Amino acid sequence: MLEMIVASSIKVIIVMLAVLTGCAYATYMERKVVAFMQHRIGPSYAGPYGLLQPIADAIKMAFKEDVVPDKVERITYALAPIASFVPSLLVFAVVPFSADFTLVGRQVTGVISDLNIGILFVFAITSLGVYGIVLAGWSSGSKYSLMGGIRSSAQMISYEISYGLSIVGVILIANTLSLRQLVEQQDTILHWYIWKQPLGFLLYLTCAIAETNRLPFDLPEAESELVGGYHTEYSSFRFAMFFIGEYANMIAVSCVGTTLFFGGWQGPFLPAGLSVIWFVIKVFCFMFFYIWLRATFPRFRYDQLMNFGWKVLFPLAVVNLLVTGLIVLW
Amino acid sequence: MTDYVSTLSIDIGLIGPELALLIAAAVILLLIFTRKADRFATAIGLIGLVVSMVLTVRQWDVKVGGFSGMVTVDQFAVLFKLLFAVASGLTLLLAERYFHAKHIARPEFTALLLVSTMGMMVMAGTTDLIVIFLGLEIMSVPLYVMAGFNRRSLESNESGIKYFIMGAFATGFLLMGIALIYGASETTDLRRIVTDFSYIATNAKLFLFTGAALMMVGFGFKVGAVPFHSWIPDVYQGAPTPVTAFFSVAPKAAGFAALLRIFAYGLKDLGALSDVWWILAVLTMTVGNILALRQENVKRMLAYSSIAHAGYMLVALAVGGADAASAVIFYLIGYTLFNLGGFTVVALLETRAGSRADFSEMAGLSKAHPYLTATLALFMFSLSGFPPTVGFFGKFYLFSAAVKGGFIWLTVIGVMNSFVSVYYYLRVVKVSYFDQIEGRFVPAPLSAGVLFVLIVTAVGTLGFGLFPDNVLEIARRAIQAFA
Amino acid sequence: MTIDAVIFVISAVVAIFGAAMMIAQRNPVASVLYLILSLIAQAVIYVQLGALFVGIMLVIVYAGAIMVLFLFVIMLLNLRGSEELGKPSGRVSRFTKYVITLLFFVELIFVIRGVALPPAPELVTNQPDAFGSVKAVSMLLFTKYLYPFQLTGVLMLIAVVGAVVIARREHPGELPDDTAAESTLAETPKEGTKA
Numbered sequence: 001m002l003e004m005i006v007a008s009s010i011k012v013i014i015v016m017l018a019v020l021t022g023c024a025y026a027t028y029m030e031r032k033v034v035a036f037m038q039h040r041i042g043p044s045y046a047g048p049y050g051l052l053q054p055i056a057d058a059i060k061m062a063f064k065e066d067v068v069p070d071k072v073e074r075i076t077y078a079l080a081p082i083a084s085f086v087p088s089l090l091v092f093a094v095v096p097f098s099a100d101f102t103l104v105g106r107q108v109t110g111v112i113s114d115l116n117i118g119i120l121f122v123f124a125i126t127s128l129g130v131y132g133i134v135l136a137g138w139s140s141g142s143k144y145s146l147m148g149g150i151r152s153s154a155q156m157i158s159y160e161i162s163y164g165l166s167i168v169g170v171i172l173i174a175n176t177l178s179l180r181q182l183v184e185q186q187d188t189i190l191h192w193y194i195w196k197q198p199l200g201f202l203l204y205l206t207c208a209i210a211e212t213n214r215l216p217f218d219l220p221e222a223e224s225e226l227v228g229g230y231h232t233e234y235s236s237f238r239f240a241m242f243f244i245g246e247y248a249n250m251i252a253v254s255c256v257g258t259t260l261f262f263g264g265w266q267g268p269f270l271p272a273g274l275s276v277i278w279f280v281i282k283v284f285c286f287m288f289f290y291i292w293l294r295a296t297f298p299r300f301r302y303d304q305l306m307n308f309g310w311k312v313l314f315p316l317a318v319v320n321l322l323v324t325g326l327i328v329l330w
Numbered sequence: 001m002t003d004y005v006s007t008l009s010i011d012i013g014l015i016g017p018e019l020a021l022l023i024a025a026a027v028i029l030l031l032i033f034t035r036k037a038d039r040f041a042t043a044i045g046l047i048g049l050v051v052s053m054v055l056t057v058r059q060w061d062v063k064v065g066g067f068s069g070m071v072t073v074d075q076f077a078v079l080f081k082l083l084f085a086v087a088s089g090l091t092l093l094l095a096e097r098y099f100h101a102k103h104i105a106r107p108e109f110t111a112l113l114l115v116s117t118m119g120m121m122v123m124a125g126t127t128d129l130i131v132i133f134l135g136l137e138i139m140s141v142p143l144y145v146m147a148g149f150n151r152r153s154l155e156s157n158e159s160g161i162k163y164f165i166m167g168a169f170a171t172g173f174l175l176m177g178i179a180l181i182y183g184a185s186e187t188t189d190l191r192r193i194v195t196d197f198s199y200i201a202t203n204a205k206l207f208l209f210t211g212a213a214l215m216m217v218g219f220g221f222k223v224g225a226v227p228f229h230s231w232i233p234d235v236y237q238g239a240p241t242p243v244t245a246f247f248s249v250a251p252k253a254a255g256f257a258a259l260l261r262i263f264a265y266g267l268k269d270l271g272a273l274s275d276v277w278w279i280l281a282v283l284t285m286t287v288g289n290i291l292a293l294r295q296e297n298v299k300r301m302l303a304y305s306s307i308a309h310a311g312y313m314l315v316a317l318a319v320g321g322a323d324a325a326s327a328v329i330f331y332l333i334g335y336t337l338f339n340l341g342g343f344t345v346v347a348l349l350e351t352r353a354g355s356r357a358d359f360s361e362m363a364g365l366s367k368a369h370p371y372l373t374a375t376l377a378l379f380m381f382s383l384s385g386f387p388p389t390v391g392f393f394g395k396f397y398l399f400s401a402a403v404k405g406g407f408i409w410l411t412v413i414g415v416m417n418s419f420v421s422v423y424y425y426l427r428v429v430k431v432s433y434f435d436q437i438e439g440r441f442v443p444a445p446l447s448a449g450v451l452f453v454l455i456v457t458a459v460g461t462l463g464f465g466l467f468p469d470n471v472l473e474i475a476r477r478a479i480q481a482f483a
Numbered sequence: 001m002t003i004d005a006v007i008f009v010i011s012a013v014v015a016i017f018g019a020a021m022m023i024a025q026r027n028p029v030a031s032v033l034y035l036i037l038s039l040i041a042q043a044v045i046y047v048q049l050g051a052l053f054v055g056i057m058l059v060i061v062y063a064g065a066i067m068v069l070f071l072f073v074i075m076l077l078n079l080r081g082s083e084e085l086g087k088p089s090g091r092v093s094r095f096t097k098y099v100i101t102l103l104f105f106v107e108l109i110f111v112i113r114g115v116a117l118p119p120a121p122e123l124v125t126n127q128p129d130a131f132g133s134v135k136a137v138s139m140l141l142f143t144k145y146l147y148p149f150q151l152t153g154v155l156m157l158i159a160v161v162g163a164v165v166i167a168r169r170e171h172p173g174e175l176p177d178d179t180a181a182e183s184t185l186a187e188t189p190k191e192g193t194k195a
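Residue numbers (UniProt numbering), protein chains in the order written: chain X, 1 to 330; chain A, 1 to 483; chain S, 1 to 195.
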């Protein structure tokens, strides 16, 4: 028992550190990649190639004055960043990062907690993520924030349905809800579920972007209309929590996507202990794709967003589910 | 907890009546985009109801369970299903004219009505508490919408919202009751509660009592028993009149179907609940009657009168036993006919522009519509319980069962209440025959549908009153199916 | 006390606290937040009982979806403080409410204490076929409880239809309500003619 607790704690600490560092460097990556696509240089002063830029940013954030506007609902205002930050990290509790391996004579599993309903856990946590944004929007006492909050809740509710349905196809084929077993089933590249669920994957990809409020679905914080959306009135570290939360969410959906459709840590050449590298590479590709999208697409108009979610994605997801179900039944 | 892998049983044939209604509703909803949808919606609805009735009648001699014991088809269920279908069909015919006159006709109404009726059928055709609950909800949700169907009228909005909030509140009590019963007996199936009753009662009698009490509260709301009646007048008055007519009969009958299943069958050995029903019955009939005396609006008067009638019917639950149960079924059949008939006349008068269905508006009715007034008088006589109408025999059977069961005082109070009610029922007759009107009464044009409703209800009120034995015999057989 | 007991007590206290605070709050947003807190604590209890699926569903459906809709509506109505919700009820009515609730609570305690509950079965969690797992729940749902399960579908359908009926845009054929129109229940006799 004690050993299990210690092992889990160590894993939690490692994963937390990795994710937070990942978030920090995701911002760096985003700036660099977008800069590259726009023929700019991007951050380059702090450290070699600007590699220390995220750290500089973090320090700047932490030392800024925490301005709390006068009209806010104090408790909810303080709660909102936490409510946004925590769920985005919780998802990583069930993501399998690597194969099981032996380290100094001990068997180490590559996941913090191997729930047999891992996917549902991911959904539960994702569905809680919206509260941070909604509460921030409501409690700020500013019309921009409120608009951002309302938009985001409408958007996330609408896309969550297709998001959920897009995954059910995979579950039907795999006949398990455990993320770990899902990865184990996709042992070679030919067994990746993306080949069996191409439509499901596209739906997942699209909905995941909407769920994380990234471009072209970043209506909740559309700068040109809403200043900063739900986090307009936040500053300093509270703002940083939203910011980190958003990137952590991005990494989380990339991790889940990798696990569901691209075989997670499975890959040739590497021993079990290093299989995490394959995982990181695949997640990296996902992240690159997101940033690429951001650099390429303009933002949706709000009615287009809703129409797209309900009239295109949702029916497609249902059709995908029906067809998959019929095929599995055969 | 090891029996969770049970065999799958799908017995579509058993739920034919429900399915017919559901399919009809679905067809209407699918065809809604067409321009003339509200024309054929009524027709499709009637076809669905007729098919459903035929399928129901064919189940009369069947007594089986299906869907792993979730569906029960017996004569009790068949009788109630027929009653719901008849009430629903008459409402549909009545509603068409009324809704067109008020410019609120929409095909969705028919679909809602059908699904609500289906919910009632589900409620009557099961012995499982979960299914009873689901049936109740399927019945109630469309009713909330139907109450608020006249969206332009503030009163209708109020009616819908009030009904919704009170209904949801009552549902909470009901569910809590079901949960406690489940906690006590480890099953939601009434048949298993009956067979294992002695075992359950020794272990968890208090649990059962509390659960039963909470379910009483929940169903008390639904059938409109005092002290859970406060929503009825506003809801009944605000809703479109055909909907009110439906409210006053069908959900009440469904509520009693469930009450009979649960309290006259499932928990019949619990005892001591009789006193509670006694008090509820007396309160309900007295409060309903006394408040009805003061009303100036006919719809509101009929609302209170429906409370009073629920009070009479509750007598049966206090008395218990097969006699009382069959008497209450007889009462429900009669009540459905004459109450619907009464509301039909009110709805017809309300189709005249500007009408609010006040008593004073009835003045001069007899000169403009002599036959209609005669029918109205017949319904009022039946409501107050004069022979030879069915209303008289309903009360007669009910109270004689009470006397036989030794509930003399309850009977006395009930009969006294009946006398009180004569005042306000006959006031309708008096106003429409003898009160003077300034000017000329604007006639309300009859449509074929309304005429049909009036004929059916009037013939039923009179016919069942002249030949009550046959109906009572059917009610007896229905009760024998489970008691 | 074992760890299980500690977790249970904490989540039970939190669940009850959340539920009580939900009722006590006059700010609707705070109410919703307390309800979410209570729901999550309940989910923990479900998970402890081995009903993983039910627990997670509680979070997904109630805490995740329904409560967001609540918040959404509250935000759109912009209900902030107590002023929109009317006056607090009078002292007598409040007193009666509390007394009745307290009585019922005490009664429930007695009821539950008076029951001879069977010993709890040994829980086997985290196995695909165990009690409360997705497989076990769906087995029940699609065999024994197939009929109620399908009925919930009907219920959802008709609820959606009902909501649309109530909330839909005005139909072009729909004419304004005539209840406001002048009363024409009795035609006044024209002058010079016999009535």
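The set of hints was computed from the structure by calculation and includes no laboratory data. The structure displayed is predicted, hence computed values, not measured ones. We treat Cβ as the ideally placed atom computed from N, Cα and C, and that holds for glycine. Careful, some of the hints might be misleading.
[Said to hold, decoys possible] Here are some of the chain A residues that sit facing chain S, going by a computed Cβ distance under 7 Å:
| # | residue |
| --- | --- |
| 1 | Val-64 |
| 2 | Phe-67 |
| 3 | Ser-68 |
| 4 | Leu-134 |
| 5 | Val-141 |
| 6 | Val-145 |
| 7 | Leu-206 |
| 8 | His-369 |
| 9 | Pro-370 |
[Said to hold, decoys possible] Below, a sample of chain S positions facing chain A; criterion: calculated Cβ distance under 10 Å:
| # | residue |
| --- | --- |
| 10 | Val-6 |
| 11 | Phe-8 |
| 12 | Ser-11 |
| 13 | Val-13 |
| 14 | Gly-114 |
| 15 | Pro-148 |
| 16 | Leu-155 |
| 17 | Ile-158 |
| 18 | Ala-159 |
| 19 | Gly-162 |
| 20 | Val-165 |
| 21 | Ile-166 |
These are the hints, each one checked on the structure:
1. Because the beta carbon of Val-64/A sits about 14 Å from the nearest beta carbon in chain S, more than 7 Å, this interface hint is broken.
2. Checking Phe-67/A against chain S by beta carbon gives a least distance of about 4 Å; that is within 7 Å, so the hint holds.
3. Contact between Ser-68/A and chain S, as hinted, is supported at the beta carbon level, the nearest pair being about 4 Å apart and thus within 7 Å.
4. Checking Leu-134/A against chain S by beta carbon gives a least distance of about 4 Å; that is within 7 Å, so the hint holds.
5. Taking 7 Å as the C-beta contact cut-off toward chain S, the hint placing Val-141/A at the interface holds, the least distance being around 5 Å.
6. Below 7 Å, beta-carbon pairs count as interface contacts, and Val-145/A has one with chain S at about 4 Å; its hint therefore holds.
7. Of the supplied interface hints, the one on Leu-206/A holds, with its beta-carbon coming within about 4 Å of a beta-carbon of chain S, less than 7 Å.
8. Residue-level restraint check for His-369/A is violated (minimum Cβ-Cβ distance to chain S is 14 Å; threshold 7 Å).
9. This hint is violated: Pro-370/A has a C-beta 18 Å from the nearest C-beta of chain S, more than the 7 Å allowed.
10. With 10 Å as the threshold, the beta carbon of Val-6/S stays out of range of chain A, its nearest partner Cβ sitting at about 25 Å, so the hint is violated.
11. Evaluation of the Phe-8/S hint against chain A yields a violated restraint, the C-beta minimum of about 18 Å exceeding 10 Å.
12. For Ser-11/S, the interface hint is violated, the least distance from its beta-carbon to any beta-carbon of chain A being 19 Å, above 10 Å.
13. Taking 10 Å as the C-beta cut-off, the interface hint given for Val-13/S is violated, the closest approach to chain A being about 21 Å.
14. With a cut of 10 Å, the hint placing Gly-114/S at the interface with chain A holds, because the nearest CB-to-CB distance is about 5 Å.
15. Because the beta carbon of Pro-148/S sits about 5 Å from the nearest beta carbon in chain A, less than 10 Å, this interface hint is met.
16. Against a cut-off of 10 Å between C-beta atoms, the interface hint on Leu-155/S holds, since the closest Cβ of chain A lies about 5 Å away.
17. The beta carbon of Ile-158/S is positioned within 10 Å of a beta carbon in chain A (closest approach about 5 Å), and the interface hint is therefore held.
18. The restraint placing Ala-159/S at the interface with chain A holds, with a minimum CB-CB distance near 5 Å, inside the 10 Å limit.
19. Hint status for Gly-162/S relative to chain A: holds, with the closest Cβ pair at about 4 Å, below 10 Å.
20. For the restraint placing Val-165/S at the interface with chain A, the shortest Cβ-Cβ distance is roughly 5 Å, inside the 10 Å limit, so the hint holds.
21. For Ile-166/S, the suggested interface contact is upheld, since its CB lies about 6 Å from the closest CB of chain A, less than 10 Å.
In summary, the structure is inconsistent with hints 1, 8, 9, 10, 11, 12, 13 from the numbered list given earlier, while agreeing with the others.
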